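K.L.:
Use the sequences and the hints to build the structure in full.
Line by line, the protein sequences give chains A and B. In terms of our numbering, the first sequence has 226 at position 226, counting the first letter as 1, and numbering is strictly consecutive. In terms of our numbering, the second sequence has 23 at position 23, counting the first letter as 1, and numbering is strictly consecutive.
It is worth saying that the hints were derived from the structure and are not from the lab. Among the hints, a few may not be true.
One copy or two, either will do: identical chains are not told apart, so a pair holds if it fits within one copy or between any two.
Below, in silico cross-link-like pairs of lysine-lysine (DSS-like), each with a Cα-Cα straight-line distance of 27 Å or less [as the list claims (entries may be wrong)]:
hint: 1; residue 1: Lys62; residue 2: Lys209
hint: 2; residue 1: Lys62; residue 2: Lys157
hint: 3; residue 1: Lys164; residue 2: Lys291
hint: 4; residue 1: Lys112; residue 2: Lys316
hint: 5; residue 1: Lys209; residue 2: Lys75
hint: 6; residue 1: Lys316; residue 2: Lys75
hint: 7; residue 1: Lys112; residue 2: Lys138
hint: 8; residue 1: Lys157; residue 2: Lys19
hint: 9; residue 1: Lys62; residue 2: Lys164
hint: 10; residue 1: Lys138; residue 2: Lys164
hint: 11; residue 1: Lys157; residue 2: Lys291
Remember, predicted model here, so these are calculated numbers, not experimental data.
Protein chains: 2
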Amino acid sequence: MNQIIIEKTNQVGQILQEKDVDLWLTFVRETSAGGDPVLPLIYGDAGLTWQSALIFTASGEKLAIVGRFELETAKNTGAFDRVIPYDESIQPVLLQEIERLQPRQIAVNISKNDVMADGLTHGMYLNLLEILEETEYKQRVIPAEYIISALRGRKTKGEIERIKTAITSTLEIYEHAFAHIKPGMTEIEVATMMQAEVEQRKLGYAWPKQNNPAVNSGPDSPVGHNAPTEIEIERGHLLHFDFGAKENDYCADIQRMVYLLRDGESSPPPAVQKGFDTITRAIQAAFAALKPGVQGIEVDNAARSVVTGEGYPEYKYATGHQLGRLAHDGGCLLGPAWDRYGTTPYLPVEAGQVFTLEPGLMVPNYGYIGLEEDVLVTTDGAVFLSPPQTELILL
Amino acid sequence: MNQIIIEKTNQVGQILQEKDVDLWLTFVRETSAGGDPVLPLIYGDAGLTWQSALIFTASGEKLAIVGRFELETAKNTGAFDRVIPYDESIQPVLLQEIERLQPRQIAVNISKNDVMADGLTHGMYLNLLEILEETEYKQRVIPAEYIISALRGRKTKGEIERIKTAITSTLEIYEHAFAHIKPGMTEIEVATMMQAEVEQRKLGYAWPKQNNPAVNSGPDSPVGHNAPTEIEIERGHLLHFDFGAKENDYCADIQRMVYLLRDGESSPPPAVQKGFDTITRAIQAAFAALKPGVQGIEVDNAARSVVTGEGYPEYKYATGHQLGRLAHDGGCLLGPAWDRYGTTPYLPVEAGQVFTLEPGLMVPNYGYIGLEEDVLVTTDGAVFLSPPQTELILL
Numbered sequence: 001m002n003q004i005i006i007e008k009t010n011q012v013g014q015i016l017q018e019k020d021v022d023l024w025l026t027f028v029r030e031t032s033a034g035g036d037p038v039l040p041l042i043y044g045d046a047g048l049t050w051q052s053a054l055i056f057t058a059s060g061e062k063l064a065i066v067g068r069f070e071l072e073t074a075k076n077t078g079a080f081d082r083v084i085p086y087d088e089s090i091q092p093v094l095l096q097e098i099e100r101l102q103p104r105q106i107a108v109n110i111s112k113n114d115v116m117a118d119g120l121t122h123g124m125y126l127n128l129l130e131i132l133e134e135t136e137y138k139q140r141v142i143p144a145e146y147i148i149s150a151l152r153g154r155k156t157k158g159e160i161e162r163i164k165t166a167i168t169s170t171l172e173i174y175e176h177a178f179a180h181i182k183p184g185m186t187e188i189e190v191a192t193m194m195q196a197e198v199e200q201r202k203l204g205y206a207w208p209k210q211n212n213p214a215v216n217s218g219p220d221s222p223v224g225h226n227a228p229t230e231i232e233i234e235r236g237h238l239l240h241f242d243f244g245a246k247e248n249d250y251c252a253d254i255q256r257m258v259y260l261l262r263d264g265e266s267s268p269p270p271a272v273q274k275g276f277d278t279i280t281r282a283i284q285a286a287f288a289a290l291k292p293g294v295q296g297i298e299v300d301n302a303a304r305s306v307v308t309g310e311g312y313p314e315y316k317y318a319t320g321h322q323l324g325r326l327a328h329d330g331g332c333l334l335g336p337a338w339d340r341y342g343t344t345p346y347l348p349v350e351a352g353q354v355f356t357l358e359p360g361l362m363v364p365n366y367g368y369i370g371l372e373e374d375v376l377v378t379t380d381g382a383v384f385l386s387p388p389q390t391e392l393i394l395l
Numbered sequence: 001m002n003q004i005i006i007e008k009t010n011q012v013g014q015i016l017q018e019k020d021v022d023l024w025l026t027f028v029r030e031t032s033a034g035g036d037p038v039l040p041l042i043y044g045d046a047g048l049t050w051q052s053a054l055i056f057t058a059s060g061e062k063l064a065i066v067g068r069f070e071l072e073t074a075k076n077t078g079a080f081d082r083v084i085p086y087d088e089s090i091q092p093v094l095l096q097e098i099e100r101l102q103p104r105q106i107a108v109n110i111s112k113n114d115v116m117a118d119g120l121t122h123g124m125y126l127n128l129l130e131i132l133e134e135t136e137y138k139q140r141v142i143p144a145e146y147i148i149s150a151l152r153g154r155k156t157k158g159e160i161e162r163i164k165t166a167i168t169s170t171l172e173i174y175e176h177a178f179a180h181i182k183p184g185m186t187e188i189e190v191a192t193m194m195q196a197e198v199e200q201r202k203l204g205y206a207w208p209k210q211n212n213p214a215v216n217s218g219p220d221s222p223v224g225h226n227a228p229t230e231i232e233i234e235r236g237h238l239l240h241f242d243f244g245a246k247e248n249d250y251c252a253d254i255q256r257m258v259y260l261l262r263d264g265e266s267s268p269p270p271a272v273q274k275g276f277d278t279i280t281r282a283i284q285a286a287f288a289a290l291k292p293g294v295q296g297i298e299v300d301n302a303a304r305s306v307v308t309g310e311g312y313p314e315y316k317y318a319t320g321h322q323l324g325r326l327a328h329d330g331g332c333l334l335g336p337a338w339d340r341y342g343t344t345p346y347l348p349v350e351a352g353q354v355f356t357l358e359p360g361l362m363v364p365n366y367g368y369i370g371l372e373e374d375v376l377v378t379t380d381g382a383v384f385l386s387p388p389q390t391e392l393i394l395l
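P.N.:
What follows is the structure, encoded as structure tokens:
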């Protein structure tokens, strides 16, 4: 039994009632090949090999239909009132249960916009339509995207505790790095030093190790989801980090900024300080705007307009994303109205969600400035899950 | 650069020519959430965050369209002739490339039957149709399942070497276990001992640790994809294992059988010996039938009929599955004509594929007998990748 799965599956009935949906069906197979991203919340890490159906109803029923060989594993999740095994075909038993429940809608894991709610593959969608072929239920299939985004987004007490633990470890590893960085080290050397700490602490990575941490020293380092390079850290460089540990399955995602003082400098050059202050102000603006009921786009605009208002080009990404089991946890995005974000910037912010806030800008000749803080939305507005960076770290 | 990705992407052009398909498109986003199961073969472990298109053509072109932040990472795979970055929307650049290539078909990752070839989610399928909406190409979308199953199935030299390495480690861990098992230990204790070896060797698991190894002692242990239990190993028990290590991203999957002699016994009881001999004969029958061009169902039937011919009930699963980066590697299955297997038992066996052979049966009062061997299909027929078990291990 996994306490997080119990907490999460206990949220489902209420969400279905709220969304006025009778039945939510997660339909999967061979999940060791990747599987539906919602499974860790409602089933756990064990594989489902044959076609399997996890059914939740607004009346609170929790039902799993699985291959016979996985009967015990499914029972042992502790998440289901009833587990029905089958041998040769899921069709008769799945149809029988649907006919018993007579749902007005069957919500399935489809979303054009939210990858975390889009776990139904096209082949499995076709298989489901075949199973429902000669029934009235074929017409009742609807996307479950708002059910899943509510479920993922509304963090339970246990989930928030785990995210805070991952943040604490992430910040400790940052402190270790700041104490050991010296001019002349390469980006790769710094990243390797931080990864050694991750591994010594037996932690995981919130995103692939290849670019976690991202380390960018000076104006020529390629910023983004790129691996660290052989570029050497020099005095007069801005040094930018994007780093997150994963601990007990939950992620942190934090950016930090260092400036390496030149000989004779006791404070950063004005252009660097102005850039840094702009980013901290942008984070404060997003933080102030972030509360239940606002749309993600409003929060994005609050931060983005601070950056553009100071004459910097706008950053080419969203101000923030949800954080949880994954660094990019899906659902409502604090993003602009760009095609590639679909409808996610228009979704309303809800209490219980955890977001990153991560505006950025380039300071010519010095490098990239980006900070990233992790915040929780409460009914009263946002709170920081750890102290935000408010001063450049000077080395 | 990852040598396996170079080897695999170099196979694609030839497969497309053979299948008479102009263009294969893998269309993904936010792959850190799970992603398309084909990505480890054609892109590697790095994430693709925004909507991204990996395009291969029968003429040998290899093209990636990715979010600007992932330009360097995509280039560094070494798999693509050209990487095109975009900022706000993939649509114009993807359309432009398709219009330049003028494909007669656009094969995408859809399969009702093969999970490994079904990486396109339904939401992403809808997004692709929208991108192609007002073009003639919308009608040219076809499933890429036979392209992917050929690509996954035909192991390169580097892949076969890795599978053999994982098998060697798996067999060494078995030997360690056989040397330390004593009556009175529980299934869980035995599994924990084997997992300690996996971890000491810094190996991974071919399927989730929860039931890897599966350990079944005696007639009351739940057989299948179940976790080991508190059942104690006793003299007079058949002891069955299903275990596989993962090493350098490739898997082994091996079942082994032990019998614990009762006081006074010097050989297994006749019912146990008959069961064991039936299974080794069934494996030999499948092995003899396995060669390029036969259908999976023929190989399944060769083994299954040996078991049923001796009066045992037929086992409720396929005789064998492909093995590679995953324990269940998709494509052609050595299985019976059961609904849950779809068309996979009817696919032809090809040279270069690696299969498990794993028939099983119950011996009343003693326990389950199942063996599993890993074999490679060559143009001349099957070869064992390690020595098969031909005698019961007696403890």
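K.L.:
With reference to the structure, classify each hint as holding or not holding.
P.N.:
Comparing the hints with the structure gives:
no., hint, result
1, Lys62 to Lys209, "between (37 Å within a copy, 26 Å between copies)"
2, Lys62 to Lys157, "within (22 Å within a copy, 47 Å between copies)"
3, Lys164 to Lys291, "within (20 Å within a copy, 55 Å between copies)"
4, Lys112 to Lys316, "within (21 Å within a copy, 38 Å between copies)"
5, Lys209 to Lys75, "between (35 Å within a copy, 17 Å between copies)"
6, Lys316 to Lys75, "between (46 Å within a copy, 20 Å between copies)"
7, Lys112 to Lys138, "both (20 Å within a copy, 17 Å between copies)"
8, Lys157 to Lys19, "within (22 Å within a copy, 53 Å between copies)"
9, Lys62 to Lys164, "neither (30 Å within a copy, 43 Å between copies)"
10, Lys138 to Lys164, "neither (43 Å within a copy, 47 Å between copies)"
11, Lys157 to Lys291, "within (19 Å within a copy, 56 Å between copies)"
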